[in-house]
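Undergrad: Here the structure of chain A is known, so what remains is to put chains B, C and D in place on it, guided by the hints.
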Amino acid sequence: MTLEHLPALQVMVPLAAAPLIVLLRHAGFAWALAVAASLFAFGASLALALEVSRAGAISYAMGNWPPPWGIEYRVDALSAFVLVLVSAVGALVAPYARRSVAAELPREQHYLYYAVHCLCLAGLLGMTITGDAFNLFVFMEIASLSMYVLIALGRDRRALLASYQYLILGTIGATFYVIGVGLLYLATGTLNIADLAARLPEAQATRAVLAALAFITVGVSLKLALFPLHLWLPNAYAYAPSAATAFLAATATKVSVYVLLRFYFTVFGAPLVVDALPVPQILTGLSIIAIVSASLVAVWQADLKRLLAYSSVAQIGYITLGIGMATRDGLTAAVVHLFNHGITKGALFLLVGGIALRAGSVDFGRLRGLARTMPLTCLGVTLAGLSLIGVPGTAGFISKWYLVLGAIEAGQAWLAALVVLTSLIAVAYVWRFVEAAYLSEPGSGTAVAGEAPLAMLAVSWVMVAACVWFGFDTSFTVQGARRAAELMLGAAP
Amino acid sequence: MTPAQLIAAALLVPATGAAGIALAGRWPNLREGVTLAAAAALFACVLALLPTVLAGGVPQLFVLEMLPGIALGFRVEPLGMLFALVASGLWIVNSVYSIGYMRGNDEPHQTRFYVCFALALAATMGIAFSANLLTLFLFYEMLTLVTWPLVTHHGDDDAKQGGRLYLGFLLGTSITFLLPAIIATWALAGTLEFTPGGILRGTASGSVIGGLLALYMFGIGKAALMPFHRWLPAAMVAPTPVSALLHAVAVVKAGVFTVVKVVVYVFGVETLAGIRAADWLPAVAGFTIVAASIVALRSDNLKRRLAYSTVSQLSYVVLAAALLTPLSVAGAVFHIAAHAVGKITLFFAAGAIYTAAHKTEVSQLDGIGRRMPWTMGAFTVGALSLIGIPPLPGFLSKWMMFQGAAQAGNGMALAVLALSTLLNAAYFLPIVHAAFWRAPREGDAPHGEAPWPSVAALVVTAAATIALPFASAVPLALARAVGG
Amino acid sequence: MPAFASHYTYWITVLLMAAGLYIVVARGNLVKKLIGLSIFQTSVYLLYIAPGKLIGGTAPILSEAFKVYSNPLPHVLILTAIVVGIATLALGLAIVVRIREAYGSIEEDEIVAADRDAGDRE
Amino acid sequence: MKREPVLRVVGKLLIPYMLMFALYVQFHGDFGPGGGFQAGVITAAAVIFYALIFGLPAARRLVPEALVETMVAAGAFLYMAVGFAGLVLGGNYLDYFVLDPDPVAGQHRGIFWVEIGVLVTVSGVMLKIFYMFAGRGRAV
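Residue numbers (the working numbering), protein chains in the order written: chain A, 1 to 493; chain B, 1 to 484; chain C, 1 to 122; chain D, 1 to 140.
In case anyone wonders, no lab produced these hints; they're calculated from the structure.
Keep in mind that a hint or two might mislead.
With a Cα cut of at most 25 Å, we get these calculated SDA-like pairs of lysine to any residue [as the list claims (entries may be wrong)]: (1) C:Lys67 to C:Gly52; (2) C:Lys53 to D:Leu62; (3) D:Lys128 to C:Ala18; (4) D:Lys12 to D:Val41; (5) C:Lys53 to C:Thr80; (6) C:Lys32 to D:Phe27; (7) C:Lys32 to A:Arg158; (8) D:Lys12 to D:Phe27; (9) C:Lys53 to C:Arg98; (10) B:Lys359 to B:Asp106; (11) D:Lys128 to A:Val299; (12) C:Lys53 to C:Gly104; (13) B:Lys160 to A:Leu379; (14) C:Lys67 to A:Ala187; (15) D:Lys128 to A:Arg157; (16) C:Lys32 to C:Ala18; (17) C:Lys32 to A:Leu169; (18) C:Lys32 to C:Arg98; (19) D:Lys128 to A:His26; (20) D:Lys128 to C:Thr80; (21) D:Lys128 to D:Ala81; (22) C:Lys67 to D:His28; (23) B:Lys160 to A:Leu424; (24) C:Lys53 to C:Ile86; (25) C:Lys67 to D:Gly29; (26) D:Lys128 to D:Leu62; (27) B:Lys160 to A:Val299.
All of these numbers come straight from a predicted model, not from anything done at the bench.
Next up, chain A with everything else stripped away, as it sits in the complex (with noise of 0.2 Å):
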């Protein structure tokens, strides 16, 4: 019975939660029930990877309705690699909250973290699910409200402006891509992904339908923060409590590329967007002015978290630009790199939430000297700031390999220039953490307590050994993206 629920049962059981986490009011039952539901999430996505790639796609008709009537829930090969992602670093960052969430939370706000994250979780896993473009505007506001309500939750009184200011721009995209939906039923009068998709081809050229793709792609663009709709970013991530920040870099703006993919190659098909309309080529461009521009004030902040968090700007530039090639090969870099860049960038900040714990604050002046204190830590930062680099060995060489291949392969040179160079920028700003930790002497600043706490590293590492696993053994990955690569370009059974 449980096998064929799953996909419901994916959702469902952290979205029920979420409001048990409410009733029973007791911070330690609600890390108890939040980190059973991540793992179970966790699991049911993994179940269902293999049973996709098993059996093929999976559909699942909510309330027994058959779609295109009733709400579907889809599991396909792109679907369920997300799905894996997202749950892995979901149940990988609810048992590291503890220490982390009881150190910089007051504690009447624990369980209310909790049911926030399952919350958060069950709308990322429910958008990524969906099989009806209405219900993922729901889960959309779903996640992002609780997104909104996490960032507020951190120490300092600019998360709250960086909350709001995420908010307000959140909610312009989630109401632009609603917007664009609403075009598409009136154009096609179904919600249904999979119906839409079919439908769409009669009504194809109808000026409807062109505003919605553009609201849809400014909508989606605004919440995966492509360039120039990413301001909202640097200071979300930089003020956000550690655990949450981890959880929000390494799963919800990949998301939100998943939503874009499906649009682009699901509903409206490669044939209009990039045969027909110069898509690809104003996502390469953005793409490019992102990566170039992100990484170089990367290099700049005095600040760990917002370093990262321009980094992150740059290396979802890396994830357009795959989407921007529109090849196999293209498209599989930005699935691969998607799931790549989730690890590498959970990785990295869930050890810099071991840091902000033990230093106060991840100030490039407090990290002076701090493999001292800290040799686990850093170790971990430099392994996830190669991978993150593109260091053969490591996940996020997997990615660059898929990306330069695509790039030479389309004909395209210069623009395989353009990604190692930029690699070049990311040895930069990662090589300032480690002459900071590694080769200064201690300042007045520098955290004296040791290292994290046990399960905050241990979790990390897991993290960090996942970055260099998947840098060796591609199965998972590679083989993933590439059959989500042959879904998108329709050339799957």
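TA: Just chains B, C and D, lined up with the frame of chain A:
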């Protein structure tokens, strides 16, 4: 043990050694014991592989598939065998030397030093035995990263600056040129396996191949082809054992090893000989040889002079490989071994002088040969070998290169070889002259030899330099096997 | 009626949309921004609801007496969207209240200036 | 306004009818306009009305914050419990058809419980928002 197990052991012994060193960090004697044991065990493993390779066998080990169609795999062919032999053999000597040097100079962070050293050797073995370009690239980058803490060992501003140059040049060239070259090769040939005769034949036009060759040659920054040589002098801020084993043997030889490997097994000698797009390479290598020699001549700092000498000697290998005749390729391979034993001796001597007398400049060395006869004697042997005085090994490799150049009918190469031999003599012999025949300066504090492990090590390498021509059957056989 | 007049609901939609966005962008007062945001969202409700209405149609209740009825789906969707909008507005106002407690102001430029001063003092 | 007898009397008279009207809207939702949303808001409005007349502390005594928060969670949880009930009874998630041997009765039953969940949550949320904003401001 089967050959495959031996390959795995050669990779794992230094890696587990590094872990052991880290664990034994609190007890210096135990720690150094672990280092020596790992070095000896590694050399034994490599040596045990030798009979199979000499008999024409090709031991293989495939670990897993990293990317669809590209494995993380290892295959021992003659060139890698020679490189592994040289690096692992000299690690033993260098470990002995390091003990004397690091303790004699009271260096900080000694555990980190030995750990990184062992990891560097593991990476070197990975490079030597790699079966394809991806595996090679993986260990190539790993070698850069694990040697960075060694370069910046002192942690002061000089070290930071040197470290930045080191990392900037090596990572920069490898990421911007080498990685795209590898990916382009994959896109063109559909394979990255090292194959005798090359994998690129007939896959692209001559100009594309030529462009690819340029990407490879400048992308392999460790080969220090001008203008990407600046990292090597910058790396001299490291403690001398690092300069000796890594920046005279393991790292730089990894560079020229990769060059030879790419020329022979990726492009294929015949493919390159068939197109004119590769003609620029001997010219660039020749320019590097002469220009670096001139810079060496003008450098007063001893380690800097040796570093530029290394830059110049590395380009011998590139030049010889680029001549594309069997004899010159064999010469290139043999020169990897010949230069290794010679140059490590010179660096050992420089380190011993620093330890005993705290002198770093050539102009301070007047009369030092009387106080440190063993050290300067060994230095003389190394210098004579690198100049190419018969019957020392440097002569043998140069002789093969001369013959190869003559076969290829490349007058420019002949001229460069002759000119650079004179320049070699010009920058080495004055040191020897000053050390033995000039009177010591006034006011120098009296001193004797460096600590005994250092002296023992440099005497051993000098003896190896002298012995190499008499025991040259093995290296020559391996070299000829590569040259075909 | 000419086409542009018969589609007057769209004109109202566009007007609300533009007005809402303009307020969000142009006003520095955090509460006014939220009001703008709400107006902007309201335009979407209209965009969905208006086309669902049929002239002469009844509520969508199955009965022999009525043949023409309005499409119920947009109403359901927009009911959800309204709830989401209220949740957003409530959360936004809650954050503004806390911003006022933390900064003593709800004018964006004053808040930014306060942060800059705090940054200078550090 | 606590001292205004007219308001107090009218308020006391009106509030029961407001609550009653909320229940009417709630249960008539199956057959006509109405349902949990509207009923929830009307219920909350009754309490807010009480708070306006008798003061916030009195309203807080009547409907404590903890109860409000519990209502928010409990309603949502009830909704989801109906969904899980569908699963347990062998249907899909939120499947109302299986809630009763007769599918149409099952639909009724499902909607009934879901709407109660909505009622509880919506009135909870409305009160929560009211308390949140009414309780602040004076402190600054």
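Undergrad: Under the criterion that the straight-line Cα-Cα distance not exceed 25 Å, is the pair Lys32 (chain C), Leu169 (chain A) satisfied?
TA: Between Lys32 (chain C) and Leu169 (chain A) the Cα gap is close to 15 Å, so the pair holds against 25 Å.
Undergrad: Are the Cα positions of Lys160 (chain B) and Leu424 (chain A) separated by 25 Å at most?
TA: holds (17 Å)
Undergrad: Hey, Lys53 (chain C) versus Leu62 (chain D), does the alpha-carbon distance stay inside 25 Å?
TA: violated (43 Å)
Undergrad: Quick one, are Lys160 (chain B) and Val299 (chain A) close enough, alpha carbons at most 25 Å?
TA: holds (17 Å)
Undergrad: Measure nothing beyond the straight line between the CA atoms of Lys359 (chain B) and Asp106 (chain B); if it is 25 Å or shorter, mark the hint as holding.
TA: The hint holds at about 16 Å.
Undergrad: Check whether the Cα positions of Lys67 (chain C) and Ala187 (chain A) lie no farther apart than 25 Å.
TA: The hint holds at about 24 Å.
Undergrad: Hinted pair, alpha-carbon criterion (25 Å max): Lys67 (chain C), Gly52 (chain C). Please report holds or violated.
TA: Measuring from Cα to Cα gives roughly 15 Å; hence the hint holds.
Undergrad: Given the hint that Lys128 (chain D) pairs with Thr80 (chain C), does the C-alpha gap stay at or below 25 Å?
TA: Holds, because 20 Å separates the two Cα atoms, which is no more than 25 Å.
Undergrad: Given the hint that Lys160 (chain B) pairs with Leu379 (chain A), does the C-alpha gap stay at or below 25 Å?
TA: Given pair Lys160 (chain B), Leu379 (chain A) holds - Cα atoms ~18 Å apart, limit 25 Å.
Undergrad: Decide if the proposed pair is consistent with the structure: Lys128 (chain D) and Leu62 (chain D), CA atoms, cutoff 25 Å inclusive.
TA: holds (14 Å)
Undergrad: Decide if the proposed pair is consistent with the structure: Lys12 (chain D) and Phe27 (chain D), CA atoms, cutoff 25 Å inclusive.
TA: Between Lys12 (chain D) and Phe27 (chain D) the Cα gap is close to 24 Å, so the pair holds against 25 Å.
Undergrad: Need the status of pair Lys128 (chain D), Val299 (chain A): alpha-carbon distance at most 25 Å?
TA: Distance ~45 Å between Lys128 (chain D) and Val299 (chain A) Cα, so the pair is violated.
Comparing the model with each numbered hint stated earlier shows that hints 2, 3, 6, 9, 11 and 12 do not hold.
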